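Visitor: Taken in sequence, the protein lines are chains A and B.
Residue numbering for the first sequence follows my numbering, starting at 1 and increasing by one per position.
Residue numbering for the second sequence follows my numbering, starting at 491 and increasing by one per position.
Think of the hints as simulated: they come from the structure by calculation, not from any bench.
Don't take every hint at face value.
[Said to hold, decoys possible] Heads up, simulated SDA-like pairs for lysine to any residue below, C-alpha to C-alpha not over 25 Å straight-line:
1. A/Lys326 with B/Lys949
2. B/Lys648 with B/Gly694
3. B/Lys977 with A/Asn239
4. A/Lys385 with B/Thr879
5. A/Lys218 with A/Asn298
6. B/Lys545 with B/Asp853
7. B/Lys908 with A/Asp392
8. B/Lys826 with A/Thr430
9. A/Lys249 with A/Asn298
10. A/Lys418 with B/Gly795
11. A/Lys434 with A/His424
12. B/Lys532 with B/Asn589
13. B/Lys908 with A/Asn243
14. A/Lys467 with B/Asn794
15. A/Lys286 with A/Asn324
16. A/Lys385 with B/Gln878
17. A/Lys385 with B/Lys875
18. A/Lys385 with B/Glu899
19. B/Lys932 with A/Glu258
20. A/Lys429 with B/Tyr753
21. A/Lys479 with A/Ile353
22. B/Lys940 with B/Ile958
23. A/Lys234 with A/Leu329
24. A/Lys296 with B/Asp918
Source: prediction; values computed, not measured.
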Amino acid sequence: MKLLTFIFYSLISFLIFVFHLESKPVPVGVQDASILQIKVTVLYPNYIQPWRFKNPEIRHSTGIYIGENRLLVPAQAIYFYTNIEVKKPDALKVYTAELDRLDADLGLAILKLNDPTFQKDLKVVQFPSELFLPGMGLAMESKDQRNLEEKRIRLIRMDIDSYASGYVELPYIEIQSEEKLDGVGELIVDSSSRIPQGILYQFKENGMGKMIPSFAIKHFLDGKSFPFKGFRFKPLVDNASRNYLGLKKDDLGVLVAEIYPGCSADGVLQLEDVILEVSNFKIDPKGYFDHPKFGKLNMSYLFHNTFESESAFEKKIKVKVLRNKKTILLEIDLKPLNEFSIRIPHGNTRFQIPKYLMLAGIVFQELSEHYLTEHGNQWRNRVNKELLYLSDFYRIKRNSKEGKVVFLSQVVPLSGNKAYHNSHQMILKTVNGKEISSLEELRNLVNQNESPFIKFVMNDGSELIFKKEEINALNEEAKKSFQIGADSNF
Amino acid sequence: MQKQKKILSSPLAFASTILFFLTLFSSTSHAEPNGQSIDEIKKSVVQIRVFSQAKDPYSPWMSSGISASTGSGFIIAKNRILTNAHVVSNAKFIEAQRNNQTEWYELKVLYIAHDCDLAILEVPDQTFYTDSVELELGGLPELASPVDIIGYPIGGSKISVSRGIVSRIEQSNYAHSQIDSHLVVQVDAAINPGNSGGPALQNGKVAGVAFQASTKGENIGYIIPTNVIQHFLKDIQDGIYNGYVELGIQTQNSFSESHRNYYQIPNGEEGVFVTRVFRQGSADGFLQPGDYLTAIDGRKIGRNGNLLEANSIDFLEVIDNKFAGEEIRFDLIRNKKNIQVSFPAKKMPQMENQRSSYGKDYDYLIFGGLVFQTVNRDLLEAWSKTGQTQGGSLLVYRFYEGSHLLDGETEDIVLYRKLPHPSNSHSDFYLNMVVDTFNGTKVKNLNHFKNLLQSSKEKTFKIHFYGIQVPMILDREESEKSDEQIKRTYHITGK
Numbered sequence: 001m002k003l004l005t006f007i008f009y010s011l012i013s014f015l016i017f018v019f020h021l022e023s024k025p026v027p028v029g030v031q032d033a034s035i036l037q038i039k040v041t042v043l044y045p046n047y048i049q050p051w052r053f054k055n056p057e058i059r060h061s062t063g064i065y066i067g068e069n070r071l072l073v074p075a076q077a078i079y080f081y082t083n084i085e086v087k088k089p090d091a092l093k094v095y096t097a098e099l100d101r102l103d104a105d106l107g108l109a110i111l112k113l114n115d116p117t118f119q120k121d122l123k124v125v126q127f128p129s130e131l132f133l134p135g136m137g138l139a140m141e142s143k144d145q146r147n148l149e150e151k152r153i154r155l156i157r158m159d160i161d162s163y164a165s166g167y168v169e170l171p172y173i174e175i176q177s178e179e180k181l182d183g184v185g186e187l188i189v190d191s192s193s194r195i196p197q198g199i200l201y202q203f204k205e206n207g208m209g210k211m212i213p214s215f216a217i218k219h220f221l222d223g224k225s226f227p228f229k230g231f232r233f234k235p236l237v238d239n240a241s242r243n244y245l246g247l248k249k250d251d252l253g254v255l256v257a258e259i260y261p262g263c264s265a266d267g268v269l270q271l272e273d274v275i276l277e278v279s280n281f282k283i284d285p286k287g288y289f290d291h292p293k294f295g296k297l298n299m300s301y302l303f304h305n306t307f308e309s310e311s312a313f314e315k316k317i318k319v320k321v322l323r324n325k326k327t328i329l330l331e332i333d334l335k336p337l338n339e340f341s342i343r344i345p346h347g348n349t350r351f352q353i354p355k356y357l358m359l360a361g362i363v364f365q366e367l368s369e370h371y372l373t374e375h376g377n378q379w380r381n382r383v384n385k386e387l388l389y390l391s392d393f394y395r396i397k398r399n400s401k402e403g404k405v406v407f408l409s410q411v412v413p414l415s416g417n418k419a420y421h422n423s424h425q426m427i428l429k430t431v432n433g434k435e436i437s438s439l440e441e442l443r444n445l446v447n448q449n450e451s452p453f454i455k456f457v458m459n460d461g462s463e464l465i466f467k468k469e470e471i472n473a474l475n476e477e478a479k480k481s482f483q484i485g486a487d488s489n490f
Numbered sequence: 491m492q493k494q495k496k497i498l499s500s501p502l503a504f505a506s507t508i509l510f511f512l513t514l515f516s517s518t519s520h521a522e523p524n525g526q527s528i529d530e531i532k533k534s535v536v537q538i539r540v541f542s543q544a545k546d547p548y549s550p551w552m553s554s555g556i557s558a559s560t561g562s563g564f565i566i567a568k569n570r571i572l573t574n575a576h577v578v579s580n581a582k583f584i585e586a587q588r589n590n591q592t593e594w595y596e597l598k599v600l601y602i603a604h605d606c607d608l609a610i611l612e613v614p615d616q617t618f619y620t621d622s623v624e625l626e627l628g629g630l631p632e633l634a635s636p637v638d639i640i641g642y643p644i645g646g647s648k649i650s651v652s653r654g655i656v657s658r659i660e661q662s663n664y665a666h667s668q669i670d671s672h673l674v675v676q677v678d679a680a681i682n683p684g685n686s687g688g689p690a691l692q693n694g695k696v697a698g699v700a701f702q703a704s705t706k707g708e709n710i711g712y713i714i715p716t717n718v719i720q721h722f723l724k725d726i727q728d729g730i731y732n733g734y735v736e737l738g739i740q741t742q743n744s745f746s747e748s749h750r751n752y753y754q755i756p757n758g759e760e761g762v763f764v765t766r767v768f769r770q771g772s773a774d775g776f777l778q779p780g781d782y783l784t785a786i787d788g789r790k791i792g793r794n795g796n797l798l799e800a801n802s803i804d805f806l807e808v809i810d811n812k813f814a815g816e817e818i819r820f821d822l823i824r825n826k827k828n829i830q831v832s833f834p835a836k837k838m839p840q841m842e843n844q845r846s847s848y849g850k851d852y853d854y855l856i857f858g859g860l861v862f863q864t865v866n867r868d869l870l871e872a873w874s875k876t877g878q879t880q881g882g883s884l885l886v887y888r889f890y891e892g893s894h895l896l897d898g899e900t901e902d903i904v905l906y907r908k909l910p911h912p913s914n915s916h917s918d919f920y921l922n923m924v925v926d927t928f929n930g931t932k933v934k935n936l937n938h939f940k941n942l943l944q945s946s947k948e949k950t951f952k953i954h955f956y957g958i959q960v961p962m963i964l965d966r967e968e969s970e971k972s973d974e975q976i977k978r979t980y981h982i983t984g985k
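If we strip away everything but chain A, and leave its shape as in the complex, we get (with noise of 0.2 Å):
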């Protein structure tokens, strides 16, 4: 029994002191072999003619040993990768990796060296939760084959939005600097202590950066995903909706603006509710609220924050809201966001290659943002004006019944299809009577459709009319002809 006490006690004692071990922050020393250079080349598909590829290109970016064979790295230096090759410091040889992980709106993913003997001399890099705000940083990057290069940084002040491709606002940390960075992947540790305080994944000509914190990454790397709070909201400094909606001349409070099916807030709160506190904390009517260690920070932040003390995933938020000009209680459950939600993908690719579906030599696609930019730099005078004001105001659903917009992008020009040549850009409506919100939809009607003609009517009134014997041929005449590899990509 006191075998077993004693075997109990130690247990403890020993998980106490790893526990305590491992969440003491580590200093990363100039010469640990931590950061490492990246080699990716990069298949981009084309959303213009979906069928296609772009020509393959290089990317650099730093990558952050993690142990077990594992590196960090910036999601936007691999979307689309066919290679991804290591070096270390010291060394000639190359190593190849793979994709383990990827978080989409933290811009981060972990790369898996198959190699046993690439860990060899590798010190792990471990992220704290602890943050030195505001400080001086040292940003650290393998610029060439033997040196680490260290450049000075200033770590200004904690912020939220959402990152240059994903869809969720989370912190991120501004920093500022005279150096010129490059913003992918370097580690920036605290000058003094050299505690790792998080990665740069935004460097502008300004001298101003992001950094993603520490405890963000350690979020990342404990396998959890990112909450998402599943509404908007809009200020309320004006006393004519204030008055309207009931607040008292000391109320702070935002007014709830869009609610987003299926995410967290989805019936819980409702349009025209007026938050007034989040997890007891007063919103003002800007939507801040005053954080004891960071100072004003956007109330999003009372959801979406990682920070491992103050965490908010896989809590009940308390919200205390005006409606109807009476304060009630509630409780959201935060869950990640709903892919669901998303009627028209916009920000990060999330490595899907745009789907296409031919049908009688002409190309039908479902919008996305990417489709838009593809038209280059003035690409928002360029492209169709319904499709501009859709993605603007329609990316994510306002019910749950609207589906994806479907669109004839181009006709593959063949003379059984001359009629629709100069067709382009235009929104399909119905397809014989019927309306259609995704390709699959579209293809599955046309393929079981027992009606000998095949009516596609489009949003400007232009019907395009075949028979149904024709599609399969004209589409195999468009693939012989124009070297297009498939009906369809999904």
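Since the structure of chain A is already known, use the hints to place chain B on it.
Guide: For chain B alone, coordinates are given in the frame of chain A:
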């Protein structure tokens, strides 16, 4: 695939330069245009000098600066001077001078037609016309025939003559209104700024009026042919310019056999399918989507929409030659039956906002420093130059696509700017959005909006905008109070 006449089309089929700039001095040509003495020609062609001032659509309470420019014109019957509308648009003061005259004579605009870029002017002082010659209108020139462009182009105050060959005759967009499309004659002559309004002569008769040049090719100029001029002159015979009528439909070619089979169009029957009928157009209530138009006024229509006859032209050109009230007759196939439909030609009111406008005051509404206006082409162009176009895809889409406005009565009202004041600091969320309802009532047009606003007894105004789920809330008393201050601060007069 779509064929659309004079409505909601893209801004320009070909980029054009309006030839309306300062004209200086040029050398005299001694050519004899098509056999006519240059001395006779000189007696009819006039140089026009214009001082103009436009309204600023973005700040409709303000006028732009005063600018000076010149163009050309020529004397036709009854001592009237024909020129381009764009030469005299926004004019505050116009004067003219004939060759060898030392005095500039004040001109008056009698008629101006922006939809076909023509204007009729008159000099009240009859001494201007001493020893003048009236030019006679001729017909449509033949392809590859020579024409002489006479006028006062850039480089001098003396008459200039340049010869060109007619290289194409087609329907094309007129840059002045940016939306109307009529017949044009393309010539390979060097038409330069200042030539605008001058005659193009062939065999001593007017073959057209020089009006615009292509920016895409060198030495490509365009003249307005005499059938368009005749249409204008006939229109003003009753003393009023009414303007062009619109059929108000969109059509689609019928090259596809399957498409024809689906609608059971007999073999050999040529024509075009109607895809859309606009409210308030001539065809509204008479033609339907799916109709197969085979002939207009007895003239057969081909599968591409051109008339099946020699020197084939677009069937819509037939409409272009009509006046309000005249009959349009179609042979068509509807629900597999051959029928004939007749209806009177008429104008479409909703065309006005689609067209560039000149010489008019823009109606607007300022309430609490928020500036509302009807969406029209002038406003959109001025607005896009400000760069404050974030979120503007809604109004651009609604303007160009236009299906929301097809009832001919509804106009889009946009909150396109604010005059900053503490009371409206919250309103940026709604900038560039189109008004949907006011206190629950659907807003039809600017006047309706003004009436709703002025007649409301509510303490709080609720304005819903398209695409935004929560309304803008305004306190009437607070907005009215700030209005006074804003109008004083920003020097807004007249409202």
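Visitor: If you check each hint against the structure, which ones fail?
Guide: Of the numbered hints given earlier, the structure breaks none, since each of them holds.
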